Amino acid sequence: MTPSAVRSIIPRMKEAKAAGQRKPIWKSVRFAHFWLLLTLLVLWEISNAVLGISTFHMVPLSKVILQMYKGLTVGSAALPDFFQHLSITLYELLGAYALALTLGLTLGILLGSFKLLGDAYEPLVLAWWSVPWVIIFPIVILILGVGSPTRMSAGFFLGFSYILFNTSTGLRGVDRKYLVLARSHGMSAFATFFKVIVPAAIPTIVTGLRLGFSSTYIGVIVGGILLSNAGLGFVLEWTARRLYTAELLGTIIFILFIGVACDKVFRSIEARVWKWHKG
Amino acid sequence: MAQRVKRILPPSFLLGVSTVLVIAALWELSVKFFKLSSLFIAPPSAILQAVPRILSEFVSYGQYTLSMYALALLISVVLGSAIGLLMGTIRYLHDLINPYIGFMLVLPKVALIPMITLWLGYTEASIVFFGALLGIFPIILNITSGVKQTTPEHVILAKASGHSTPAIYGKIILPAITPYFFTGLFFASHAAQVGVIIMELKFGFKGLGYLLMLYRESFNEAAVFALVGLLALILMGLNGTFWYLSRYYDSWRIE
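These protein sequence lines map, in sequence, to chains A and B. Going by my numbering, the first sequence opens with residue 1, and the numbers climb by one from there. Going by my numbering, the second sequence opens with residue 1, and the numbers climb by one from there.
Same shape as in the complex, but just chain A (with noise of 0.2 angstroms):
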């Protein structure tokens, strides 16, 4: 066989194999998806009139969210004034997350920054982020009554420790060798801790921001479950107690969407950061 003819055959012989690796699409992963997830909200869907469960139990979600479309342009008796609360929420959620966010950063800086402070402090931080933060909370309402700042403390509480300490190590476990570099290349500390020290150090401190956000916005639902006055835990209690049930899971799978919402968009910043970093 001539070297000309090998080489025609090799194209051929690429798509043939490229074939044979396309699987059917049933047996896909995709396809999967689609199945199961269409099987979910079939079961939903007929939660009530099939598998006999009770409507204070289970809404189908297309009663869900026409009953919340009611609610919220028409007005009904099964839902209080949603967008207040949800303004309230949305306030405290902000509030709180920026104060972890200043004193967080601050603070571990500080302790990134100086050994002493960093080795002194960070195993206080540690054995405080392990104790389960909600054990003080009836404390919190002693001291700050039973209003927004409670419920802001305990994202602040939440969301505050993780900006902290991802910052201090982050800060921390900077390669010395770039240290070594920079000193000799005679930078001073200024520049060495703006120029070297925080780029690369800003993907963990930036998934710190990531993870402290998520946290500080439980920490402001739960808060407002525990101490249900104002805000969309005060909305969820409220719906519950009546048996709501279609506005409870409205409400529900609004909270769900902002979280979920504010994490996709927290995770892109830091894909673009991790790419910034990488060069």
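What the hints contain is simulated information worked out from the structure, not anything from laboratory work. Check before you lean on any hint, since a few could be wrong.
Distance condition first, Cα-Cα at most 25 angstroms in a straight line; then the derived SDA-like pairs of lysine to any residue [to be verified]: (1) Lys-148(B) with Glu-122(A); (2) Lys-35(B) with Val-146(A); (3) Lys-109(B) with Leu-86(A); (4) Lys-32(B) with Gly-145(A); (5) Lys-6(B) with Glu-122(A); (6) Lys-206(B) with Arg-53(B); (7) Lys-206(B) with Pro-138(A); (8) Lys-109(B) with Ile-65(A); (9) Lys-27(A) with His-94(B); (10) Lys-32(B) with Ile-141(A); (11) Lys-109(B) with Leu-41(A); (12) Lys-115(A) with Arg-247(B); (13) Lys-35(B) with Ile-202(A); (14) Lys-109(B) with Leu-256(A); (15) Lys-264(A) with Phe-187(B); (16) Lys-35(B) with Leu-86(A); (17) Lys-206(B) with Leu-142(A); (18) Lys-109(B) with Val-146(A).
Have a look at the derived ranges for each label pair, beta carbon to beta carbon [claimed, not checked]: (19) Leu-157(B) with Lys-27(A): 55 to 61 angstroms; (20) Leu-116(A) with His-154(B): 42 to 48 angstroms; (21) Phe-31(A) with Ser-164(B): 34 to 40 angstroms; (22) Val-265(A) with Tyr-92(B): 27 to 33 angstroms; (23) Ile-23(B) with Met-187(A): 33 to 39 angstroms; (24) Tyr-91(A) with Ile-23(B): 28 to 34 angstroms; (25) Ala-82(B) with Phe-114(A): 42 to 48 angstroms; (26) Leu-126(A) with Ser-45(B): 24 to 30 angstroms; (27) His-277(A) with Leu-157(B): 34 to 40 angstroms; (28) Gly-279(A) with Lys-6(B): 51 to 57 angstroms; (29) Phe-34(B) with Leu-116(A): 31 to 37 angstroms; (30) Ser-67(B) with Gly-279(A): 50 to 56 angstroms; (31) Ala-82(B) with Gly-147(A): 43 to 49 angstroms; (32) Ala-189(A) with Leu-79(B): 47 to 53 angstroms.
Everything numeric in this text was worked out from a predicted model, so none of it was measured. Heads up, the beta-carbon is just placed ideally off N, CA and C, and yes, glycines get one too.
Mind docking chain B on chain A? Use the hints.
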């Protein structure tokens, strides 16, 4: 001599301990000096005095909370390990349910509390269920990534030299996931505690969450602080042990 003192008591340790002591002293003095009401805050000296008084109640109520937590952790470890092992070994299953696991991880699961109480009622079942719901995902995540770390070469080599499937699991896969398991256990233990305590504070009828509310409603501030302090110390010790184990087996990680 000075070297030995410095080795046993490094300056960082002294700084940490002295900071805690200074905060306690400032707390004590500010309560005395500003005459803060004992309805809102108790000085450290009063808290220490309250510890022996609440000890017997703490033990009897604590048993209930501990059993709820242990059950929740047990369920999340057994179920989570099984799901994690299956997801790690069967590629198709992993691709099928991994998006849902990732989704459940970022979900603020606390929003489901009203639904759980609607389904399971104000009972022990909903306490354990919520604890296990929070605890199971760290275990699944860690076990799955642990199984995926076992390189196929090791398994192929073991198969080629005629080892049976149980031997492959016992000698290659289980040692490889041990460090991941303990890391997962640390996070799962923390999460299960959070879940159980939230539920007990929400509708406690027994347990430490209920006792905490009882002390608070009788304006027994020193007892509230003492209970929180005791519980915090115990949980810190428990989670610290898991943390230590995950560090101890760290050298078993396959790079």
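Structure-based check of all given hints:
1. Lys-148(B) with Glu-122(A): Violated: Lys-148(B) and Glu-122(A) sit about 32 angstroms apart, past 25 angstroms.
2. Lys-35(B) with Val-146(A): holds (23 angstroms)
3. Lys-109(B) with Leu-86(A): holds (18 angstroms)
4. Lys-32(B) with Gly-145(A): Holds, at roughly 22 angstroms.
5. Lys-6(B) with Glu-122(A): Holds, at roughly 19 angstroms.
6. Lys-206(B) with Arg-53(B): holds (19 angstroms)
7. Lys-206(B) with Pro-138(A): The given pair, whose Cα atoms are some 16 angstroms apart, holds under the 25 angstroms limit.
8. Lys-109(B) with Ile-65(A): holds (21 angstroms)
9. Lys-27(A) with His-94(B): holds (14 angstroms)
10. Lys-32(B) with Ile-141(A): Holds, because 22 angstroms separates the two Cα atoms, which is no more than 25 angstroms.
11. Lys-109(B) with Leu-41(A): Distance of about 20 angstroms is within 25 angstroms: holds.
12. Lys-115(A) with Arg-247(B): holds (22 angstroms)
13. Lys-35(B) with Ile-202(A): The given pair, whose Cα atoms are some 46 angstroms apart, is violated under the 25 angstroms limit.
14. Lys-109(B) with Leu-256(A): Holds. Lys-109(B) to Leu-256(A) sits at ~8 angstroms (cutoff 25 angstroms).
15. Lys-264(A) with Phe-187(B): holds (23 angstroms)
16. Lys-35(B) with Leu-86(A): Not satisfied, since the Cα-Cα distance of roughly 39 angstroms exceeds 25 angstroms.
17. Lys-206(B) with Leu-142(A): holds (22 angstroms)
18. Lys-109(B) with Val-146(A): Distance of about 23 angstroms is within 25 angstroms: holds.
19. Leu-157(B) with Lys-27(A): 55 to 61 angstroms: violated (30 angstroms)
20. Leu-116(A) with His-154(B): 42 to 48 angstroms: holds (44 angstroms)
21. Phe-31(A) with Ser-164(B): 34 to 40 angstroms: Distance hint for Phe-31(A), Ser-164(B) holds at roughly 35 angstroms.
22. Val-265(A) with Tyr-92(B): 27 to 33 angstroms: Holds, at about 31 angstroms.
23. Ile-23(B) with Met-187(A): 33 to 39 angstroms: holds (37 angstroms)
24. Tyr-91(A) with Ile-23(B): 28 to 34 angstroms: holds (31 angstroms)
25. Ala-82(B) with Phe-114(A): 42 to 48 angstroms: holds (46 angstroms)
26. Leu-126(A) with Ser-45(B): 24 to 30 angstroms: holds (28 angstroms)
27. His-277(A) with Leu-157(B): 34 to 40 angstroms: holds (36 angstroms)
28. Gly-279(A) with Lys-6(B): 51 to 57 angstroms: violated (42 angstroms)
29. Phe-34(B) with Leu-116(A): 31 to 37 angstroms: holds (32 angstroms)
30. Ser-67(B) with Gly-279(A): 50 to 56 angstroms: Hint holds: Cβ distance 53 angstroms, inside 50 to 56 angstroms.
31. Ala-82(B) with Gly-147(A): 43 to 49 angstroms: holds (45 angstroms)
32. Ala-189(A) with Leu-79(B): 47 to 53 angstroms: Given a distance of about 52 angstroms, which is inside 47 to 53 angstroms, the answer is holds.
Hint compliance for this structure: hints 1, 13, 16, 19, 28 are broken, all remaining hints hold.
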